[in-house]
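Protein chains: 2
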Amino acid sequence: MFPFSLYLPTRIYAGRDCVEQLPDAVKNYGQNVLIAYGGGSVARSGLLDRVKNLLCGFNLIEFSGITPNPKLAAVRAGVKICRENKIDFIVSLGGSSALDCCKHIAAAVAYEGEPWDLVTDSAKIGECLPIFAVMTMAATGSEYDGYGVITREDTHEKLEIMSENLFPAAAFLDPCYTFSVPAFQTASGAADIISHVFEQYFVAKGNILTDGFCEAMLRTVVNCTPAAIREPDNYDARYQLMMASIFGCCGLLSMARTPSPWPCHAIEHEVSAWYDVTHGAGLAVIIPRWMRYSLNRDTARRFARYGYNVFSIEKTEDPYADAMKAIDATAEFFRQIGLPDRLSDLNSAITDEHFKEMALHIEKSWSDLKNSFVPIDEDGILTILKESL
Amino acid sequence: MFPFSLYLPTRIYAGRDCVEQLPDAVKNYGQNVLIAYGGGSVARSGLLDRVKNLLCGFNLIEFSGITPNPKLAAVRAGVKICRENKIDFIVSLGGSSALDCCKHIAAAVAYEGEPWDLVTDSAKIGECLPIFAVMTMAATGSEYDGYGVITREDTHEKLEIMSENLFPAAAFLDPCYTFSVPAFQTASGAADIISHVFEQYFVAKGNILTDGFCEAMLRTVVNCTPAAIREPDNYDARYQLMMASIFGCCGLLSMARTPSPWPCHAIEHEVSAWYDVTHGAGLAVIIPRWMRYSLNRDTARRFARYGYNVFSIEKTEDPYADAMKAIDATAEFFRQIGLPDRLSDLNSAITDEHFKEMALHIEKSWSDLKNSFVPIDEDGILTILKESL
Chain X
1 MFPFSLYLPT RIYAGRDCVE QLPDAVKNYG QNVLIAYGGG SVARSGLLDR
51 VKNLLCGFNL IEFSGITPNP KLAAVRAGVK ICRENKIDFI VSLGGSSALD
101 CCKHIAAAVA YEGEPWDLVT DSAKIGECLP IFAVMTMAAT GSEYDGYGVI
151 TREDTHEKLE IMSENLFPAA AFLDPCYTFS VPAFQTASGA ADIISHVFEQ
201 YFVAKGNILT DGFCEAMLRT VVNCTPAAIR EPDNYDARYQ LMMASIFGCC
251 GLLSMARTPS PWPCHAIEHE VSAWYDVTHG AGLAVIIPRW MRYSLNRDTA
301 RRFARYGYNV FSIEKTEDPY ADAMKAIDAT AEFFRQIGLP DRLSDLNSAI
351 TDEHFKEMAL HIEKSWSDLK NSFVPIDEDG ILTILKESL
Chain F
1 MFPFSLYLPT RIYAGRDCVE QLPDAVKNYG QNVLIAYGGG SVARSGLLDR
51 VKNLLCGFNL IEFSGITPNP KLAAVRAGVK ICRENKIDFI VSLGGSSALD
101 CCKHIAAAVA YEGEPWDLVT DSAKIGECLP IFAVMTMAAT GSEYDGYGVI
151 TREDTHEKLE IMSENLFPAA AFLDPCYTFS VPAFQTASGA ADIISHVFEQ
201 YFVAKGNILT DGFCEAMLRT VVNCTPAAIR EPDNYDARYQ LMMASIFGCC
251 GLLSMARTPS PWPCHAIEHE VSAWYDVTHG AGLAVIIPRW MRYSLNRDTA
301 RRFARYGYNV FSIEKTEDPY ADAMKAIDAT AEFFRQIGLP DRLSDLNSAI
351 TDEHFKEMAL HIEKSWSDLK NSFVPIDEDG ILTILKESL
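Chain order of the listed sequences is X and F. Residues in the first sequence are numbered consecutively from 1, following our numbering. Residues in the second sequence are numbered consecutively from 1, following our numbering.
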C-alpha cells in the first residue's frame with residue numbers, strides 16, 4: 001500500500017436552497033466580486049438574479065460568455081477585468097467550464113507573465129483569488145479539487161492548471177439547478193464521473209476501503225443517471241449525482257492505491273483539444289476500447305469484480321468471460337443513456353489524420369501511460385483511438 | 001434526502017515515515033510547542049524521541065500522563081502549562097485520549113471561565129491553539145473531526161466538546177506506530193469504528209453513495225481487525241484500519257442521510273462516565289443489544305442488507321431471519337476479536353444501580369433517542385442496559 005496525503009479545504013453546502021448561505025460564506029472576503037458564467041442558462045433559470053440579489057451589498061462585476069472547453073482567450077479577458085476592478089473574489093455560476101476558467105483567472109491575476117506558464121509550470125502559481133462555486137452540473141468535481149482544464153487553440157493543447165490554492169473556498173450543490181441540464185449533458189457528466197473512478201479503480205493494487213468507495217460511486221451513477229434523464233426534475237437522482245461527482249478527483253478514491261496516469265483522460269483531452277468535443281461524451285467512446293485493450297488473464301479478475309459489484313453480473317467459474325460481460329455492460333450503459341458509440345458520431349470531422357500527433361503529445365505532456373493498469377505505448381494509444389473512430 | 005454541509009480542513013499525511021513531514025507542516029505556526037501524550041508507550045516505541053529530534057529547533061514543553069477517558073483535571077493542568085509557556089501549537093502523540101484532551105486544552109487556553117463551560121455551550125469556543133496529531137491508534141477518528149470527549153468525574157459526565165476550530169491542522173497516520181497496540185485495544189478501536197458507521201448507516205433514509213461508503217468501512221474493519229490481531233505488524237491491515245478510522249465522525253458517512261442521535265454512543269458514554277470502561281469494548285457489548293431492540297418488520301431489510309454486504313450472508317426469502325443472522329454475525333465478530341460479551345465482564349463493579357440515572361442523564365444531555373432508527377425512550381435505554389449486564 002502506498003503513502004498518500006489528503007487535503008480538502010473546500011466547504012461544501014448541499015441541498016435545496018443551499019445558495020442562501022452564500023452571503024455568510026463570502027462575508028470576510030472583500031467587496032469587489034466577479035460573477036462569472038457561460039451562456040444564458042443561469043439567467044433563464046433565475047440563478048443569476050438570485051445570486052445578484054443575495055450579494056446586493058457588494059460591488060458586482062459580471063463576466064459572461066465562457067464556452068465549454070474554455071479557452072485561453074477567456075482567461076486573458078477575465079484577468080483584465082479582475083485587475084481593472086480590483087476583484088477580491090470570484091463567484092462562478094455553472095458547470096466546470098465556467099469554474100475551470102475562473103480557476104485559471106484566479107491564479108493568473110497575480111502573475112505577471114503569460115497565463116499558459118501556470119499550466120506548464122505549476123510552481124509559478126502563487127496566491128489565487130478565492131472562488132465560490134455555485135454548481136449547475138454534476139460532472140468533473142472541479143468544485144472539490146485544485147484542478148482546472150483549459151484549452152489553448154493555437155497549439156491544440158488541453159491541459160490542467162493545478163494548485164491546492166485552487167480548491168474553491170466553498171461550493172454550493174443545489175440539485176434543483178441541475179433539473180434543466182439537457183439529457184446529453186447529463187449523460188456526458190455521468191460518463192465523466194465514471195471515468196474519474198475508473199482511472200483510480202483499475203490499478204495494480206487497491207484496498208478494501210477505496211475499492212468500496214469507488215464501487216459506491218459507480219453504483220450511484222449507474223442507478224441515478226437513467227432516472228435523471230427520464231425525469232429531469234427527479235430531486236433524489238440529481239442530488240446523488242451531484243454528491244458523487246465531487247469525489248471524482250479530490251484524492252479520496254486514490255488513497256494508498258497504486259498511482260495512475262489517467263489514460264482515458266489523456267487520450268480524450270487530445271481529441272477535445274483538436275475537435276472541441278464534449279469531454280464526457282468523448283470518454284464514453286474511449287472507455288470501452290481502453291477496457292478491451294486492457295483486458296487480459298491478469299486483469300480479468302478486477303474487471304469481473306467491477307461487473308459483479310456494479311452491474312450485479314452473476315459470478316461464473318470464468319473471470320475472463322465475466323470481465324467481457326462487464327465491459328459489454330459498460331458500453332451498453334453508455335448507449336442507453338444516449339451517448340454516441342464512435343468518435344465520428346460525435347464530430348464527423350474526426351479522422352485518423354492527427355492521431356499520431358496526439359499520441360506523441362500525450363507522451364510529451366501527460367504522465368507516462370506505460371504505468372497504466374496495462375502499459376500503453378504509442379502504438380497502444382493509436383490502437384485505442386482507431387478502435388474508437 | 002436531507003441538506004448537509006461538509007468541511008474537512010485537516011491535512012492528512014499517511015504511510016510509513018509520514019511523520020517526517022511534521023517539521024514542514026508546523027513551520028508557520030510559531031516556536032513554542034506543547035508535546036502531549038499519555039503513558040510511556042510513545043517513549044518505548046521511539047516516537048517521542050523521533051518527534052523531539054524532528055522539532056529540535058523549537059521550544060519544546062512536554063505534558064504527559066493523559067489517561068484513557070481523559071479527565072477534566074488533565075485539561076486544567078494542560079491549560080496552565082500552555083499559558084505559562086505561551087504555547088503556539090500542540091503536538092499530540094498517541095490515540096484519541098491524548099488528542100481529545102489536547103482539543104479541550106486548545107479551546108480552553110483562550111477562555112477565561114471554567115473549561116467545562118465549553119462542553120455545555122460550544123458557542124463559547126473561540127480561537128483554539130492549532131493541533132498536530134501523530135496517531136498511534138485506529139479508533140475514534142478524532143484526528144479528522146472537530147470533536148473531543150472529556151470526562152468530568154465529580155458529576156459522572158462524559159460529554160463532547162465540539163467546534164470546527166478543533167479539527168487538527170494536520171494528522172499523521174503511520175501504521176507502524178500501531179504495531180505495538182495490544183490486541184484488546186486494537187479490538188476496542190475496531191468496535192468504535194464499527195459503531196461510528198452504525199450510528200449513521202442505520203437510519204430511516206440513506207442513499208446509494210453513503211450506503212456504499214459505510215459498507216466499505218465495515219468490510220475494512222471486519223476483514224482487517226482479525227489480521228491485525230493475529231499479526232500485530234501486518235502493515236496493510238493496520239494501514240487499512242487507520243484509513244477507515246478517520247472517516248468515522250467527519251461527516252462523509254452521513255451526507256444527505258436522516259440525522260441520527262447516535263444511540264449506542266449515548267448509552268456507552270454513560271457507562272464509561274460511571275465505570276471508566278474502554279469505550280470501544282463498552283460499545284461492543286451494547287451494539288448487539290441495541291440491534292435486537294431495533295429489529296422489527298420495518299427495519300429488518302436494512303439489517304439484512306448489512307448482513308449481505310458486510311458478512312456475505314446468503315440472501316433468503318425472509319429478510320427478518322437474514323437480519324437475525326446479521327446481528328448474530330456482529331456479536332460473533334466481537335467475540336472472535338476478543339471483546340467481552342457483558343458489561344459485568346468488562347468491569348465486575350457494574351450493576352444496574354445507576355442505570356436509571358444514566359437513562360435520565362441521556363435525555364437531559366444527549367440528543368433525543370426517540371429520533372433513533374427505532375425510537376428509544378427511557379424504558380428502552382433501561383432494557384438495552386439490562387440486556388447488556
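Simulated from the structure, these hints should not be mistaken for lab results. Among the hints, erroneous ones may be present.
Identical chains share a label here; the pair holds if one copy fits it or two copies do between them.
[Stated by the list, open to error] Think about it this way: if two alpha-carbon atoms lie no more than 25 Å apart in a straight line, the pair counts; the simulated DMTMM-like pairs of lysine to aspartate or glutamate are: (1) 325 <-> 314; (2) 27 <-> 127; (3) 205 <-> 17; (4) 205 <-> 215; (5) 356 <-> 236; (6) 71 <-> 236; (7) 325 <-> 157; (8) 80 <-> 368; (9) 27 <-> 317; (10) 124 <-> 341; (11) 205 <-> 231; (12) 86 <-> 233; (13) 315 <-> 211; (14) 315 <-> 20; (15) 27 <-> 231.
Note that the structure is predicted; figures quoted are calculated from it, not measured.
Now the hints, each set against the structure:
1. 325 <-> 314: both (10 Å within a copy, 24 Å between copies)
2. 27 <-> 127: Intra 19 Å, inter 18 Å, cutoff 25 Å: intra and inter.
3. 205 <-> 17: Intra 41 Å, inter 20 Å, cutoff 25 Å: inter-copy only.
4. 205 <-> 215: both (15 Å within a copy, 20 Å between copies)
5. 356 <-> 236: Result: close neither inside a copy nor across copies, 44 Å intra and 42 Å inter.
6. 71 <-> 236: neither (34 Å within a copy, 44 Å between copies)
7. 325 <-> 157: neither (35 Å within a copy, 57 Å between copies)
8. 80 <-> 368: neither (36 Å within a copy, 55 Å between copies)
9. 27 <-> 317: neither (60 Å within a copy, 56 Å between copies)
10. 124 <-> 341: neither (40 Å within a copy, 59 Å between copies)
11. 205 <-> 231: between (39 Å within a copy, 21 Å between copies)
12. 86 <-> 233: Neither, since 39 Å and 56 Å both go past 25 Å.
13. 315 <-> 211: For residue 315 and residue 211, both the intra-copy (18 Å) and inter-copy (23 Å) Cα distances are at most 25 Å.
14. 315 <-> 20: neither (48 Å within a copy, 45 Å between copies)
15. 27 <-> 231: neither (37 Å within a copy, 53 Å between copies)
Comparing the model with each earlier hint shows violations of hints 5, 6, 7, 8, 9, 10, 12, 14 and 15; every other hint is respected.
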